[in-house]
Each structure stands twice: as structure tokens, then as C-alpha cells.
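> Chains A and B, in that order, give the protein sequences. At position 431 of the first sequence the residue is numbered 431 (my numbering), and the sequence of numbers has no breaks. At position 227 of the second sequence the residue is numbered 227 (my numbering), and the sequence of numbers has no breaks.
In case anyone wonders, no lab produced these hints; they're calculated from the structure. For clarity, every value in this text was computed on a predicted model and none was experimentally measured. A virtual CB, placed ideally from N, CA and C, is assigned to each residue, including glycine. Check before you lean on any hint, since a few could be wrong.
To be verified - Label pairs and their in silico Cβ distance ranges:
1) B:Ile24 to A:Ser125: 23 to 31 Å
2) A:Ala100 to B:Met93: 36 to 44 Å
3) A:Pro386 to B:Trp17: 45 to 53 Å
4) B:Met93 to A:Ser59: 50 to 58 Å
5) A:Ala70 to B:Ser114: 46 to 54 Å
6) B:Trp17 to A:Tyr242: 37 to 45 Å
To be verified - Residues from chain B that face chain A, not an exhaustive set, calculated with beta carbons under 8 Å:
7) Met56
8) Tyr60
9) Ala63
10) Ala229
11) Leu245
12) Leu249
13) Ala252
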Amino acid sequence: MSTATQSQEKPANGSPASGGASWASFIRFWSSVKLGITLILAIAMGSILGTLVPQGDPSGVMNSPMSDQAKQILLAIGAHNVYYSWWFLSLLAVFFFNLAMSTWFVCLPRLRVALKPPRPMAESSQERMHPDRLALPTVEQDKLIAVLRANRFRVFAFPNGQIVADKGRASKFSALITHIGLFTILIGGLASGLMGFKSQAPLFVGQEVPVNEIVKVAHQQGSLAAGHYNWSVGLEKFWMDYYNPDTVRQFYSNLTIKRPGHPPETHQIYVNKPLRIDGVTFYQSFWGVGGAKLSIGESSRMVDMENAERFKLQGSISRRVDIGTGQYFLYLPDQRSPLQVIDLNTFQPVAVLDKGQSTTLSGEKVTFSEPALYSGLQVKADPGIPIVYAGFFTVVLGVALAFISHRQIWLSRRENGEYLLSGVANRGRFTFQQELLKIRSQLGTTA
Amino acid sequence: MNNLVAIETIFVDLLFWGVLAAVIFFWTEIIGKQKWARLAGAAGMALGFVGSIGAMVMRYYYAGYPPLSNLFESLLGLIFALLGIYLFIEWRMKPKYFGAAAAPMAFLLIGFASILPARLKDAHPLMPALQSYWLKIHVSLMLISYAAFFLAFGAAVVYLILHARNKRDEQGGGTGGGTLALEGGSTFGQTRTQSTALAFFDEITYRLILLGFPVLALGIITGGIWANAAWGTYWSWDPKETWSLITWLVYAGYLHARTTRDWRDQRSAIFAIVGFVSVLVTYLGVNYLAQGLHTYGSLL
């Protein structure tokens with residue numbers, strides 16, 4: 001019996017007896033491995049498209065050097081957002097349907113067959129079916145069994161002198177376990193999508209935000225997300241460590257968490273070390289210059305500044321402010337540059353201030369204390385994570401089992417007392433042949 | 001520090017010359033049918049292996065981080081894994097011609113590593129996103145799987161060459177299937193014919209992919225877990241992520257085609273070669289295709 005050489009396209013219990021031929025052919029089609037391979041390759045092709053076309057909003061496609069017609073086609077099929085396009089998601093749905101069908105109608109029946117002990121086989125069938133055959137010296141049956149057991153085979157001896165043995169049945173669980181793992185990942189992914197949220201919060205030092213406010217601006221929120229948090233997060237401190245003046249070593253934020261019924265607590269986060277509280281995780285994700293701290297006259301204040309992109313000043317920030325009777329344009333290229341001040345009445349630069357420097361504008365003393373940095377937090381809740389991780393490790397276990405080879409051997413006693421040894425291995429045939437030779441030499445040398 | 005860099009260079013030289021010698025010896029084996037040449041080739045590969053270990057240890061020592069963060073370091077790791085797997089197979093199975101496939105690949109990788117510009121070669125301090133113990137785990141798993149796929153590719157090419165030669169010699173005789181025939185019960189051992197060599201290369205391609213496949217799965221997964229700790233999402237369809245999944249899918253297709261439909265012979269070897277192309281895109285090509293998280297262009 002060789003499961004490896006039988007035609008295996010046919011599902012084992014697709015019996016057409018009662019349900020009719022259409023049901024049987026439905027099952028045969030949807031559980032077929034051929035369909036599976038086709039879908040796997042189609043998903044791979046779709047994924048390739050997503051790595052070639054800029055993903056995100058359509059502007060990426062519009063700005064790329066292509067003919068207008070090509071752009072239209074790409075946008076029409078959602079190539080700028082492949083992984084969430086209707087056809088890619090449908091492909092995944094069909095794939096998982098195929099996976100479910102083949103697990104139920106192919107993997108399970110096959111596993112049931114494989115777990116049965118191998119059946120005895122006549123010598124003539126051994127010669128017909130097994131290319132790997134060896135004649136063994138005349139040897140006592142007990143000794144033969146002992147040698148096979150020493151080689152960690154599971155041995156079945158029959159009264160007529162026939163011996164059947166097998167080894168490595170664990171490999172037969174490979175497909176089933178891998179498929180279960182893939183389903184687990186799917187369920188976890190759905191749980192992530194439906195029950196989680198993902199948001200971003202740029203916080204200035206001293207700022208405190210209720211977590212509910214952060215959830216409100218989430219760019220991704222599942223319909224079943226818990227969504228109600230009665231506590232807040234604040235930024236106590238944000239700073240960077242440098243290897244040298246141009247190379248950042250690490251970004252740190254000290255977060256203050258205020259929960260009702262708990263004393264306020266402070267936690268440090270940095271890249272690769274998020275904070276998890278009540279199912280919400282805070283990641284150090286980005287940062288930026290959001291304004292300048294100025295003191296004008298007696299009062300000090302933080303001037304919120306906007307991205308200056310619309311003035312073609314990329315990456316820098318600017319703001320129009322009124323100081324005294326005058327109007328000024330404040331411009332800060334980055335967090336280490338001096339603050340530039342332009343008088344909007346004359347359109348002339350009137351001051352360039354380093355940190356801590358002062359000048360007089362419209363009769364007021366203006367001091368540039370420092371740039372105001374914000375720490376960008378990625379904030380999310382993802383109840384799917386444990387499920388996804390469980391799925392990950394199930395898949396790894398499953399595919400690792402595939403490395404084991406399932407070996408079955410048959411021994412028939414001949415009239416002259418010799419044995420004919422033959423067998424099949426579903427993989428690792430070269431090593432299997434070596435193993436057969438080893439068994440023979442073990443019998444030969446000890447005879 | 002400079003002394004340590006100099007020692008690293010000596011180890012890289014040892015790797016280079018060891019593998020170059022192996023290439024020459026293995027091809028001598030094929031052309032001249034010299035038995036000693038094969039041993040000399042394996043010795044060259046072993047020297048190269050020692051060189052790759054030495055170079056990585058030196059870099060770890062003077063740079064102070066696991067040497068897996070730029071292209072040169074990853075090539076070094078890949079060559080180390082490739083030579084390690086090769087030596088294991090050589091030791092266990094003593095296959096003919098396998099070295100002749102493995103050595104040129106290792107040599108091309110070293111050649112590539114040595115012409116890299118300094119910015120991709122020299123040790124640089126780690127950026128924040130890379131400062132994690134997952135760096136060691138994730139990158140080394142990926143490199144081990146790549147190494148297995150590189151060797152599987154080499155074996156598949158040798159298979160196709162032998163297959164073509166067999167066909168020419170036998171004018172369409174049987175394919176594959178070297179067998180242990182009944183040998184009258186008296187002689188031990190096995191006669192190696194060309195068809196057993198063919199069966200061997202078919203088998204070793206399959207087994208190398210069976211090795212690379214779970215390791216790649218584990219590599220992708222540890223990458224996901226790391227990404228979840230660093231960026232807050234375990235999967236973001238970043239081009240490198242996506243291509244590693246594509247590679248995994250192609251090999252999944254290979255394994256399904258093979259185990260369930262009994263696809264052996266050339267079709268299987270060609271599938272293995274397609275998988276290898278996908279590995280190359282994942283490893284090197286992606287960085288030219290698109291900007292993604294793995295290029296570390298932005299802050300993180």
C-alpha cells in the first residue's frame with residue numbers, strides 16, 4: 001500500500017451514492033489540491049501587483065510615470081489598495097473555502113488511512129509495487145523484530161511470518177495542523193479587524209488626552225471594538241539619545257497614565273518597548289516639531305505651528321502670529337535650526353533667533369525658548385493578537401512535521417528462510433534506502 | 001579597533017580563497033574525474049566556513065551588535081548558513097557534483113559582498129527600530145531559509161543538467177527513480193548509477209525546500225512579532241513582508257504539487273527555480289522596487 005503513489009485527487013468519502021453526482025463533483029472541485037495551488041499562485045500574483053504599484057491613496061498612481069489609460073485601469077481594479085480590494089479579499093475567501101473543504105474531505109480521510117497499521121502484503125505484490133527491495137539473510141523472526149525496534153519502527157508480526165513495520169507517522173499530521181494554523185490566523189485577523197482599533201496621538205510635553213478622544217480619531221476601528229475607556233494618557237517627557245550629533249540612538253517618552261481608582265503612574269516607552277495597559281498598547285512611533293515656545297513680554301506661550309508644505313517649505317513648520325500691532329511669520333526649518341521671523345508688512349526677515357535668544361518686535365520683547373517637540377504615539381487595541389500568534393506557531397509546527405518522512409516496510413518470509421524486505425517512504429527516499437541497507441547490515445553482521 | 005577590522009579582513013580573505021579553491025577543485029572533479037579533487041574542494045569549503053565564522057565573530061566583537069544589520073553582514077550570514085548546510089550534506093551523504101553546484105553560488109555571494117560600497121559594508125550603529133533581540137532571531141532565521149533555498153536551486157539546476165544528459169544518452173529512457181534492486185542477497189552496498197544521482201538531486205532539492213519552508217515560516221512569524229512590538233502591527237503589507245509571503249506561497253505550491261500530485265522530475269525542479277527567483281526578489285530585489293518599512297528610510 002502506498003499512499004504516495006495512489007491517485008489522490010479523489011476525496012475519499014465523496015461517495016455519490018445518495019447525494020447525486022453533482023454533490024460529489026462539487027466536493028471534488030472545491031476540495032481539490034489543483035484548485036488550491038491555482039489559488040495560492042493567484043494570491044501570490046495579486047500580492048506582487050501590490051508591491052509594484054504604490055499603495056495608499058490614488059495620488060501615488062496618479063503621480064507615477066504611466067499613460068493615462070494605464071492609470072485608469074489600475075485605479076479601476078483598485079491596484080492602489082490591492083490588499084483590501086474586493087477581488088483580493090474574494091480570492092482569500094475562496095482560498096479559505098477551498099482550504100476548509102480540502103481539510104475536511106481530503107486531509108482527514110487521508111490521515112485516517114495513514115494512521116491505520118499497514119496491512120500485510122504478499123511477496124509478489126512487494127516485488128510489483130516497491131522499487132526499493134532487499135533480500136535479507138536467514139534470520140530468526142525475534143531478532144528481526146528486535147533490530148526493527150532498535151531502529152525505532154513500530155512492528156506488527158503475523159502468524160504466517162509476515163512482518164509489517166512503520167515509523168514517522170507524525171508527518172501525516174503535517175497538512176492538518178498547518179491548515180488548522182492558517183484558519184487560526186484567519187480568525188485572529190478577523191478578530192483584530194472587528195474588535196480592535198488603531199489610532200495615532202501626537203502629544204506635546206505636558207499635554208494630557210482622554211483615551212476615548214484618541215479612539216475617536218482612529219483611522220481603523222472594528223465594529224465590535226470595545227471603544228470606551230475612562231482614563232487618560234499624558235506626556236511627561238520626550239527626549240532622544242544620540243550616537244553622534246547626526247545619528248539618533250533611541251526615542252523615549254515618559255507617559256503618565258491616570259485611571260480612576262488608581263494612583264497616577266508613569267511608564268517609559270521607546271521604540272521596541274511599548275506600554276500595554278487595560279488592553280490598549282502605546283508605541284513610540286514618530287515625532288516632530290509642532291511649534292515653538294516663545295515668551296512675549298511677560299507671558300510665555302507655546303505657538304502651535306503648521307506644516308509649511310503649502311509654502312513649498314517641506315518638512316518645516318510655520319505660523320502667522322500677531323505680536324503687538326504687527327503681523328509676523330514664524331518659520332522653523334527643523335528642531336535644531338534657529339527660528340526665523342519675517343515681518344508681514346514689509347516682507348523682510350527681521351530676526352533669526354537661536355534657542356534662548358531674544359529680540360524686540362513691535363515693542364515687545366520676544367524670546368525663543370525652544371522648539372516644541374511632540375512625541376507621536378501609535379495607540380491600538382488588538383484582541384486578535386493571542387489568536388494570531390497561536391496560529392503562527394501551529395503553522396510552524398505543522399510545516400516542521402512535514403520534514404519527517406513516513407516510512408513503511410514489509411517483510412515476507414521465503415521458502416528458503418530468507419526474508420524479502422521492501423518498503424516506501426513518502427519523502428527522503430535516499431535516506432530511506434540507506435536505512436534499509438543499514439538494517440540489512442545490522443542483521444548480517446550479527447547473524 | 002583597527003586591528004580587529006584587519007583580522008576581520010583576513011577572515012573574509014580566507015573565506016574568499018577557500019571557496020574559490022573549492023570551485024576550481026570541484027570542477028576539476030567533474031572534468032578530470034579525480035577523486036582527490038572532491039576532497040580538496042570540500043576542504044576549501046570548510047576553510048571558507050571557518051572564515052565566515054571568524055569574520056562574523058570579529059564584527060560582533062568590535063561593532064557591539066549582532067552582525068545582521070546591513071547587506072554585507074547579511075551576505076556573510078547567508079554564506080555561513082549555505083556552507084554549513086553544504087558541509088552537513090557532504091558529510092552525511094557524500095553526493096557527487098553537489099559541491100560543484102554549491103561552491104560557485106557561495107563564490108558569487110562573496111564576490112557580491114566584496115564589491116559593495118562602504119556604506120553597505122561598514123559597521124554602523126543600530127537605528128532605534130533594529131535595537132531588539134528579535135534582530136538576531138528574525139534575520140538569522142530568514143538567512144538560514146534563504147541558504148536552504150539557494151542550495152535547493154543549485155541541486156535543481158544539477159538535476160536538470162543530469163536529466164538532459166540522461167535523455168541524450170538514453171534517448172528517452174526512464175526518468176528518475178534510482179532503485180535499490182534485489183542484489184541476490186549477497187552483496188552489501190549500492191551501485192551509484194547516473195539515475196541514482198538523478199534521484200538524489202530530485203530528493204535533495206525536495207528535502208532542502210522542506211528544511212527552508214518551516215524556517216521561512218518561523219522567520220516571517222518572528223518578523224511579525226517583532227513588527228508588532230516595534231510598529232504596533234504584525235502585518236502591514238510592506239513590500240519585503242509581502243515578497244517573503246509570496247516566496248512562502250510559491251514553495252507551498254511546490255510542496256503541494258509534489259506531495260499530493262506526485263510531481264517529480266523536471267516540473268518539480270522548475271518550480272524550485274521559480275521559488276528561488278522569488279527568494280532573490282525578497283532578499284535583494286525589493287529594495288529597488290519600492291520604499292517600505294524594511295528600507296528604514298524614515299524615522300523608524
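> Against each hint, give a clear statement of whether it holds in the structure.
Checked hints:
no. : hint                            : verdict
1   : B:Ile24 to A:Ser125: 23 to 31 Å : violated, 51 Å
2   : A:Ala100 to B:Met93: 36 to 44 Å : holds, 40 Å
3   : A:Pro386 to B:Trp17: 45 to 53 Å : holds, 51 Å
4   : B:Met93 to A:Ser59: 50 to 58 Å  : holds, 56 Å
5   : A:Ala70 to B:Ser114: 46 to 54 Å : violated, 41 Å
6   : B:Trp17 to A:Tyr242: 37 to 45 Å : holds, 41 Å
7   : Met56                           : violated, 22 Å
8   : Tyr60                           : violated, 18 Å
9   : Ala63                           : violated, 12 Å
10  : Ala229                          : holds, 6 Å
11  : Leu245                          : holds, 6 Å
12  : Leu249                          : holds, 5 Å
13  : Ala252                          : holds, 6 Å
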